[in-house]
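Heads up: the protein sequence lines correspond to chains A and B, in order.
According to this note's numbering, the first sequence is numbered sequentially starting from 733.
According to this note's numbering, the second sequence is numbered sequentially starting from 733.
Don't read these hints as lab results, they were simulated from the structure.
Incorrect hints may appear among the rest.
Pairs involving identical chains hold if they fit within one copy or between any two copies, as the list cannot separate such chains.
[Stated by the list, open to error] With a cut-off of at most 20 Å between alpha-carbon atoms, the simulated EDC-like pairs for lysine to aspartate or glutamate come out as follows:
no., residue 1, residue 2
1, Lys753, Glu828
2, Lys753, Glu795
3, Lys753, Glu765
4, Lys824, Glu765
5, Lys803, Glu739
6, Lys824, Glu781
7, Lys824, Asp777
None of these values were measured; they are calculated from a predicted model.
This is what each chain is made of:
Protein chains: 2
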Amino acid sequence: MGLAKTELFTTQQNTIATFAKAFAHPARIAILEQLFKTEGCVCGDLVTEIGLAQPTISQHLKELKNLGLIKGNVEGTSVCYCIDTDNWQQMKQEMEVFMNQDTAAPEDCC
Amino acid sequence: MGLAKTELFTTQQNTIATFAKAFAHPARIAILEQLFKTEGCVCGDLVTEIGLAQPTISQHLKELKNLGLIKGNVEGTSVCYCIDTDNWQQMKQEMEVFMNQDTAAPEDCC
DNA sequence: ACTATTTATCGTAATATTGCAATATAACAA
DNA sequence: TTGTTATATTGCAATATTACGATAAATAGT
Chain A
733 MGLAKTELFT
743 TQQNTIATFA
753 KAFAHPARIA
763 ILEQLFKTEG
773 CVCGDLVTEI
783 GLAQPTISQH
793 LKELKNLGLI
803 KGNVEGTSVC
813 YCIDTDNWQQ
823 MKQEMEVFMN
833 QDTAAPEDCC
Chain B
733 MGLAKTELFT
743 TQQNTIATFA
753 KAFAHPARIA
763 ILEQLFKTEG
773 CVCGDLVTEI
783 GLAQPTISQH
793 LKELKNLGLI
803 KGNVEGTSVC
813 YCIDTDNWQQ
823 MKQEMEVFMN
833 QDTAAPEDCC
């Protein structure tokens, strides 16, 4: 059905899944890396940096923005995007709690 | 088109995206958490723990196994699944390198 | 061999995602 | 106002994902 049964899961589980979905496409990884790398915030440069069409990049940016991982600021005719550091930290912490379960886990049993 | 243009991106970017995809569904998060939590490895119990049908769970397990994050061991008529600790560690490290970029980044510019 | 139990696979329906052409919108410049 | 530039939105085609019923395959017990 292509529709996840979110009501079966905890808020934490759904949250992790939602963040993970943001990272589940290499274009969005590339966008985020570019935003981290550049001093000033890149904007339409992302279109030329990454080889995808402008509407496609715009769509990926929208998803990242909706999740709160990036912010966009209008500057004249162009839009300046950058990482939302606070939200990024929070996301990182939640992901790390999930990924660090292993430290407490017993050895592989099979 | 529903098809990611992986050739445009680096191996690292594609790898991150692939791991993230594994975490992009709450059922798989729930499965992994359950495998971490239980002493012995759970198997068909996952079906009753999580409220999804047996073929659905089986399909999610297959994806996690293909990625190498879990291992399955046949024990009689049932199959014992557990985390592949080594691969989990490697995955974690790659994800953390990506998520820790912020420590080097300048302050939000917009 | 027959039966019960457990897991995997197949087939299919519903929905989601990706990508882009075409077009709309917004801001500036002349 | 008109033109230019930059980004967003719309609409659509191709593919992917999710879920599950039906069924197959594997193993154990009788």
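Structure-based check of each hint:
Taking identical chains as interchangeable, the C-alpha atoms of lysine 753 and glutamate 828 lie at most 20 Å apart whether they share a chain (16 Å) or sit on different chains (16 Å). Both within a single protomer and between protomers do lysine 753 and glutamate 795 lie at most 20 Å apart by alpha-carbon distance, with minima of 10 Å and 15 Å respectively. Taking the shortest alpha-carbon separations for lysine 753 and glutamate 765, both the intra-copy value of 16 Å and the inter-copy value of 18 Å come in at or below 20 Å. Within a single copy, lysine 824 and glutamate 765 get their C-alpha atoms as close as 15 Å, and across copies as close as 18 Å, so both meet the 20 Å cut-off.
Taking CA atoms no more than 20 Å apart as the test, lysine 803 paired with glutamate 739 passes in neither setting, with 30 Å inside one copy and 28 Å between copies. Neither within a single protomer nor between protomers do lysine 824 and glutamate 781 lie at most 20 Å apart by alpha-carbon distance, with minima of 26 Å and 28 Å respectively. Taking CA atoms no more than 20 Å apart as the test, lysine 824 paired with aspartate 777 passes in neither setting, with 26 Å inside one copy and 31 Å between copies.
Comparing the model with each numbered hint stated earlier shows that hints 5, 6 and 7 do not hold.
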